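Chains as they are written, first to last, in our numbering: chain A, 1 to 246; chain B, 1001 to 1246.
Keep in mind that the hints are not guaranteed to be accurate.
As the list claims (entries may be wrong) - Straight-line distance between alpha carbons at most 27 Å, and here's what the computed BS3-like set of lysine-lysine pairs gives:
no.	chain 1	residue 1	chain 2	residue 2
1	A	K159	B	K1156
2	A	K159	B	K1159
3	A	K156	B	K1156
4	B	K1097	A	K156
Honestly, the hints are just simulated from the structure, not real lab data. Fair warning: this is a prediction, and the values are worked out from it, not measured in the lab.
What follows is each chain in one-letter form.
There are 2 protein chains.
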Amino acid sequence: MTYCVGLKLDAGIVMMSDTRTNAGLDNISRFRKMFTWDVPGDRVLVACCAGNLSITQGLLSRINQAIARSRDDDRVETILNAPTLFRSAQLFGEAMKDVQARHRETLQAQGAGADASILIAGQRKGGEMRLYLLYSAGNFIEATPDTPFLQIGEHKYGKPILDRVITPATPMERALKAVYLSMDSTLRSNLSVGMPLDLAVIPADEIRFAVQRRIEQDDEDFAAISRGWAEAIRDAFETLPAVGEA
Amino acid sequence: MTYCVGLKLDAGIVMMSDTRTNAGLDNISRFRKMFTWDVPGDRVLVACCAGNLSITQGLLSRINQAIARSRDDDRVETILNAPTLFRSAQLFGEAMKDVQARHRETLQAQGAGADASILIAGQRKGGEMRLYLLYSAGNFIEATPDTPFLQIGEHKYGKPILDRVITPATPMERALKAVYLSMDSTLRSNLSVGMPLDLAVIPADEIRFAVQRRIEQDDEDFAAISRGWAEAIRDAFETLPAVGEA
């Protein structure tokens, strides 16, 4: 399993992903699920992947091979030269369809799942910030002010805190706290989501990554938030009045 | 969908269930999912049902028909005259197998699900308190001191607070608060779980229901807990330190 979350706020984009993959319960590995592209001054892009790892890796190979080919042949369309972020998302969608067409039938014949989903976010100079969620069929939806965050993978445990806190106007500091807590709740409750984490922050209209880092198991910030939240929840529980039944 | 939770504590048994059922997204109804039986001084039993409603209703009909028949013929074995709670759970299991055998194939041929699960709890005079989770196949597991609560239906949203609070030694007052919050979290996050709620409390070794009531939409206790928790979570969030990225 996997948990990835993306926020599109007035203040910028935040993306966080875990790194645990599992084939069954007894084959657990660590794979990066967050990938970033950066054309200084022109555009920044970040993608987070969930689902069948062979599908998402195959998709990323196609995306990156196109970028490599475009260095010799500028007629090759890529996510980095596409005229809009929307068109970049379409290129992810075309790569998804391509990989699904290649592997889905045989995967399903073996009883395996071919589903995959990808969060794609970024900004192009002169364009708006965008956050898309791409599905297995190659179609995608976009985050809007009504729903400024999108999640893939094991989304349930981490959703309540985002529902309570995140609006488009949420400042970056609060948003990061909420994203840390959203991931912390998921890590606590689902063994198939695991540290380390990857975090990317793209401030609005700056066309650059302000943060792009791996959060390791022993990260002090993350541990402080996690411990502080556990204590705060415990305190909150204790101070709630008893219910009438008791 | 459904959310039902059962606790087996040193202090007694707590069961809570919602009442919302849905066939698809546009056919939502209210059905009681909690059923109680009470032979004064001899035994108390409570069952909460999730899954295909025709399956669980059919199962309960069989259980109750046996009880009715046993009034005329004391050789009929029922959940109320079985020598142990374990045997009562087996009788639920046999009824489950019977209903599944009757309907599963045709349900699946129509693309519908026949899965159902039932929490069964109670105590017999001279016996231990028991809490079982019965599956579609008629097999069941029992709550133990390591895992003193069992959930059926939409279990994810309501699990974290139980994980944090519930041990076998948890006093009834704290346990009720945790169960209220567990249900509150589920109601907030999943539209397919809805008020009113049913609550049953069986104090240890008293062979009686101390509480057996419906919690309606306008219940003041529930509203106070729900509101208090929302405020406490918001306060806890505000007082947590900012993360380093911000």
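Item checked: Hint check against the structure, violated hint numbers in rising order -> 4
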